[in-house]
Amino acid sequence: MSIILAMFLGLAILVLAITAIYHKNTKVAIIATGAVGLFASVLYLLLAAPDVALTEASIGSGLSTIIFFYVLNKIRHSND
Amino acid sequence: MIKKGILLLLLVGFVAVIGSLLINFTGSKELNPLARYYAENGPAEVGAANLVTAVVVTYRGFDTLGEVTILFIAAAIVGFLLKVLNADNGRPNKLRKTSEILETASTLLVPTIFMLGVYIFVNGHLTPGGGFQGGAVIATGVMMIILARPASQFNHKLISILESVSGVGFVAMGVLGLILASGFLNNAFLPLGKLGNLLSAGAIPIIYVFIGIKVGSELTGILNSLKENQNEI
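As they're listed, the protein sequences go chains A and B. According to the working numbering, the first sequence is numbered sequentially starting from 4. According to the working numbering, the second sequence is numbered sequentially starting from 1211.
Be aware that one or more of the hints could be misleading.
What the hints assert, rightly or not - Subject to a maximum C-alpha distance of 27 Å in a straight line, what follows is the list of computed DSSO-like cross-link-like pairs (lysine-lysine): (1) B:K1437 / B:K1367; (2) A:K77 / B:K1367; (3) B:K1307 / A:K30; (4) B:K1307 / B:K1437; (5) B:K1437 / A:K27; (6) A:K77 / B:K1437; (7) B:K1214 / A:K27; (8) A:K77 / A:K30; (9) B:K1307 / A:K77; (10) A:K27 / A:K77; (11) A:K30 / B:K1437.
The hints are simulated quantities; they were obtained by calculation from the structure and are not laboratory data.
Isolated chain A (complex conformation):
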C-alpha cells in the first residue's frame, strides 16, 4: 500500500516540477514549486524521515513560496 502511495507521490512531484519549469505563467510555476515541497514532505514521512519532512513542509512549501512571490512582485515593479 505504502509503495503505491510513494509511487503516486513521486509521479505527482515529477509532474509538478515539470510544470514549474515549463509553465508560462510565473505565478502558476511558483505554486507548483510549493506543491512539490508539500508532496515531498509526505514522501519523506513515508520514508521514515519525520524531521526532514517537518523542514520541507515549513520551508519548502511555506516560506520559500511566499519569498518567491515577494521577489516576483518586486521584480515586476522595477520592470514597469
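Starting from the structure of chain A, add chain B where the hints point.
Same frame as chain A, but now just chain B:
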C-alpha cells in the same frame, strides 16, 4: 544531428552508470562501524532519546554551528541589500483586503503554530525535529500573520536582539562544554538525567532552545525585510 547524438550518448551513459548502481545495490543488514558506535554508545554518552539529535548537536555539533552561521550570513545579506524604507513615504499603502476566512482562521491557528514550533524545539532530544524545524515552524506562523494582516509591523530591534542573544548563548554553551567537560559543544557538563525525560541529555535542550529562537528570528527577519520592501514604488 551531432548535438542530438551527443545528447543520446550522454543519456545512455547516465542510464548505464545509474542502472549498474541500482542493480548492484544490496541493502546492508547491519550498521556500519560508525553508525553502530552511535547507536550503542549514544544513549549512555549523550543521554538523548533521539539519536539524530545526539549526532547533530553533540557528535557533529560543530557542523550545526556552521549551518547556523550560514543562515545568519544569509539573513544579514538580505537585510543589508533590502534596507528598511521609511514607512511614511507619502504614498498611501495600497493593500488588498485579505479574505475573512484567512483573517478569522489566523487568530486560531497562529498561536497553535507557535506552540507547535516551541514544542518541536523543546522536545528536540526526545522526538523528531529540533531547533531548525521548530524555528522554521515559528517563522511559518509569522508568515501567516503577514498574510492575514499585511499592515502589521514587527519590531526590528526585538528580532535582532533575540537573534544575537541566542547566537551568543549557543556559542557560550559550546565554550562551557570546553571548560567544564571534555570538548567544544560537549553536553555532559549538566547532569544527563534519565533517558527520555524532558530534562535530560545535559545541555542539548538549552542549545536547541537557542537554535530554535535564532532560526525563527532570522527567518522572520528575512520575511519582514522582504515585506517592507514591497511598498516601494
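- prompt: Between K1307 (chain B) and K30 (chain A), is the straight-line Cα distance small enough, at 27 Å or below?
  reply: holds, 19 Å
message: Please verify whether K30 (chain A) and K1437 (chain B) have alpha carbons no more than 27 Å apart.
response: Since the Cα atoms of K30 (chain A) and K1437 (chain B) sit roughly 18 Å apart, the hinted pair holds (cutoff 27 Å).
message: Check whether the Cα positions of K77 (chain A) and K30 (chain A) lie no farther apart than 27 Å.
response: Given pair K77 (chain A), K30 (chain A) holds - Cα atoms ~13 Å apart, limit 27 Å.
message: What's the verdict on K1214 (chain B) and K27 (chain A), does the C-alpha distance respect the 27 Å limit or exceed it?
response: holds, 26 Å
query: Is it true that the CA of K77 (chain A) sits at most 27 Å from the CA of K1437 (chain B)?
result: Holds, at about 10 Å.
query: Taking only the CA atoms, is the gap from K27 (chain A) to K77 (chain A) under or equal to 27 Å?
result: At roughly 19 Å apart (the allowed maximum being 27 Å), K77 (chain A) and K27 (chain A) satisfy the hint.
- request: Decide if the proposed pair is consistent with the structure: K1437 (chain B) and K1367 (chain B), CA atoms, cutoff 27 Å inclusive.
  value: holds, 16 Å
message: Hinted pair, alpha-carbon criterion (27 Å max): K1307 (chain B), K77 (chain A). Please report holds or violated.
response: Roughly 19 Å separates the two Cα atoms, so the pair holds.
query: Are the Cα positions of K77 (chain A) and K1367 (chain B) separated by 27 Å at most?
result: Holds. K77 (chain A) to K1367 (chain B) sits at ~25 Å (cutoff 27 Å).
task: Below or equal to 27 Å on CA atoms is what counts here, so check K1437 (chain B) against K27 (chain A).
output: holds, 26 Å
task: Assess, step by step, whether the Cα of K1307 (chain B) is no farther than 27 Å from the Cα of K1437 (chain B), and give holds or violated.
output: Holds, at roughly 16 Å.
Of the numbered hints given earlier, the model fails none.
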